[in-house]
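**Q** Heads up: the sequence lines are chains F and U, in that order.
If you read the first sequence in numbering that gives the first Met the number 0, its first letter stands for residue 0, the second for the next number, and so on.
If you read the second sequence in numbering that gives the first Met the number 0, its first letter stands for residue 0, the second for the next number, and so on.
Mixed in with the good hints, there may be bad ones.
[Unchecked claim] Straight-line distance between alpha carbons at most 30 Å, and here's what the computed DSS-like set of lysine-lysine pairs gives:
| id | chain 1 | residue 1 | chain 2 | residue 2 |
| --- | --- | --- | --- | --- |
| 1 | F | 259 | F | 245 |
| 2 | U | 178 | F | 92 |
| 3 | U | 32 | F | 92 |
| 4 | F | 95 | U | 32 |
| 5 | U | 101 | U | 32 |
| 6 | U | 89 | F | 92 |
| 7 | F | 95 | U | 101 |
Hints are computed from structural coordinates only; laboratory data are not their basis.
Here's the letter readout for the chains.
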Amino acid sequence: MNSPFDKSTKSTNAVNINPENMHTEKWIELHENLQDMLAGYIDNELENEQIMLVEAHLIGCEACRNDLGRQQALSQRLESIPSSRISSLANQKIDKALEDAALENVLSRQQPLWLSSSLSFIKRRLPNLSLTSILGVSGWGVAMLLAVIIFSPQFKVHTTSTIPMIQDALTEYYEMEGKALPVTDTHNIGTVKPPLTWPNTQLLATWATRIAGAPAQVFALRSGHNIIFQYQINAAVFFRNPVVRKAISKKGSYAMRDNKTDVLAFPLTNSGVLVVGAADSLPESGQILF
Amino acid sequence: MFLPGIKWTLVTPIKVTSDDYREIKMNLLDNQKRFAQLTHLWRDRLYSMALRQTNARQIAEDWVQETLLRAWRDFSQLTEEVAVYAWLLKILDHVIVDDRRKENRRHQLAPVIAVDDKDLLSHPCSALGPFENILQQQQNEQLVQLIECLPDEFRRVVLLRDMEELSYNEVAYILDIPKGTVMSRLSRGRRILANALIKSQDKSQIKSSCKDTATTTQSNDGGVS
Chain F
0 MNSPFDKSTK
10 STNAVNINPE
20 NMHTEKWIEL
30 HENLQDMLAG
40 YIDNELENEQ
50 IMLVEAHLIG
60 CEACRNDLGR
70 QQALSQRLES
80 IPSSRISSLA
90 NQKIDKALED
100 AALENVLSRQ
110 QPLWLSSSLS
120 FIKRRLPNLS
130 LTSILGVSGW
140 GVAMLLAVII
150 FSPQFKVHTT
160 STIPMIQDAL
170 TEYYEMEGKA
180 LPVTDTHNIG
190 TVKPPLTWPN
200 TQLLATWATR
210 IAGAPAQVFA
220 LRSGHNIIFQ
230 YQINAAVFFR
240 NPVVRKAISK
250 KGSYAMRDNK
260 TDVLAFPLTN
270 SGVLVVGAAD
280 SLPESGQILF
Chain U
0 MFLPGIKWTL
10 VTPIKVTSDD
20 YREIKMNLLD
30 NQKRFAQLTH
40 LWRDRLYSMA
50 LRQTNARQIA
60 EDWVQETLLR
70 AWRDFSQLTE
80 EVAVYAWLLK
90 ILDHVIVDDR
100 RKENRRHQLA
110 PVIAVDDKDL
120 LSHPCSALGP
130 FENILQQQQN
140 EQLVQLIECL
150 PDEFRRVVLL
160 RDMEELSYNE
170 VAYILDIPKG
180 TVMSRLSRGR
190 RILANALIKS
200 QDKSQIKSSC
210 KDTATTTQSN
220 DGGVS
């Protein structure tokens, strides 16, 4: 408290000025305004101009001088009041609560880490992004989405199999369910033979496709009331999957069901064939002519 | 037709390995350590501040605990520009305000005590010498009790400035008010306190002087810019 104003200056300054002459309207207004600045004067928190204004007023105002003195004494007295100490029991309780909060933090972070890390990434970046860049990025996002929808009619159908060649065969089979079969030259169709045949079948169409990234040939056959697809694929692709390999070495063929569709895989001399058709519509192994 | 370059890996969640967990755990332990180092020293100060705003030790302890839990939660928001104790006192202030709001305590208007209150000027204890004597005679507890009687706005400013000895800028930061308002509230708060002390000399109990503080003129709380 380095206020230049103290008890001795108060008494000497006050007597020289007649307060009656000072109590004009303007003076009263200033007096009222300065009352709110007295604390700042005591605590050295005023600007130089404000200090000059307050000091000029204090010379002629005994009430403010007294107020200033009381505020200063009060402030000093309050500062001398010692602080209390928190009990060790309460301290332990707080330690425990903080420990629990930290533990909760670890547990809550275990599951959604990828989410929280992506969110925090976005949060960190967001303030740096301008409105135009956000609009630009979101515009491209919409465009990409539309492009995917419009230009990707062959978007993968979800199947229960994880084997790529089975997935591809099933996807094409499901897609073709809602489409016209490709027209095959009627002259050629008699000469073309599917890899597997069984009684009461008729070849309807054949076309080239890609299975697991390799070229393959599809044969659509009518078998009674059902349409069955055969995919002739090269041996490297056919034997790629260990599950298929194991089943063939054990039973001579691999079979799986995807909802209401059956898939059978048979090895041929230089290739392999996948037979895809409605559940229970596929021929028994004994009926098939290799 | 497939679009080249679009792969599911784009939306695959980030895989979390056990090493990642270890790192998270280590970071948290480091954070915990840092938090403890930064805040432990201030617990007594927070408790003192809390205890000056309630008579119940249990409530003061609860406020301190809640303050430190909130501080831990918002630890990442603490920046180097802010002094730790000012940051903690700000959180404590919010905790107390929230708690009091729950109790539906009435919002007290800001009274203005003019220095030229005629009663005050004519009172024999208003002169500096006698006033200083009264101050010295008062016990700490009595003074703290008087501060407790102050309306919210004044009490918080007087506590932070005169008892915690914070700068006006720090008080302004803690209470989210302009520096000029800190000054005007402090001027008025100290004046109300001094007035209550002087008047308490007419009565035997300090407690009764609290009523006087509540009967002072009510008006808008102005600030000095």
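**Q** Does each hint fit the structure? Answer for all of them.
**A** Taking the hints in turn, this is what the structure says about them:
no., hint, verdict
1, F/259 with F/245, "holds, 24 Å"
2, U/178 with F/92, "violated, 37 Å"
3, U/32 with F/92, "holds, 17 Å"
4, F/95 with U/32, "holds, 14 Å"
5, U/101 with U/32, "violated, 33 Å"
6, U/89 with F/92, "holds, 22 Å"
7, F/95 with U/101, "holds, 26 Å"
Violated hints, listed in ascending order, are 2, 5; each of the other numbered hints is respected by the structure.
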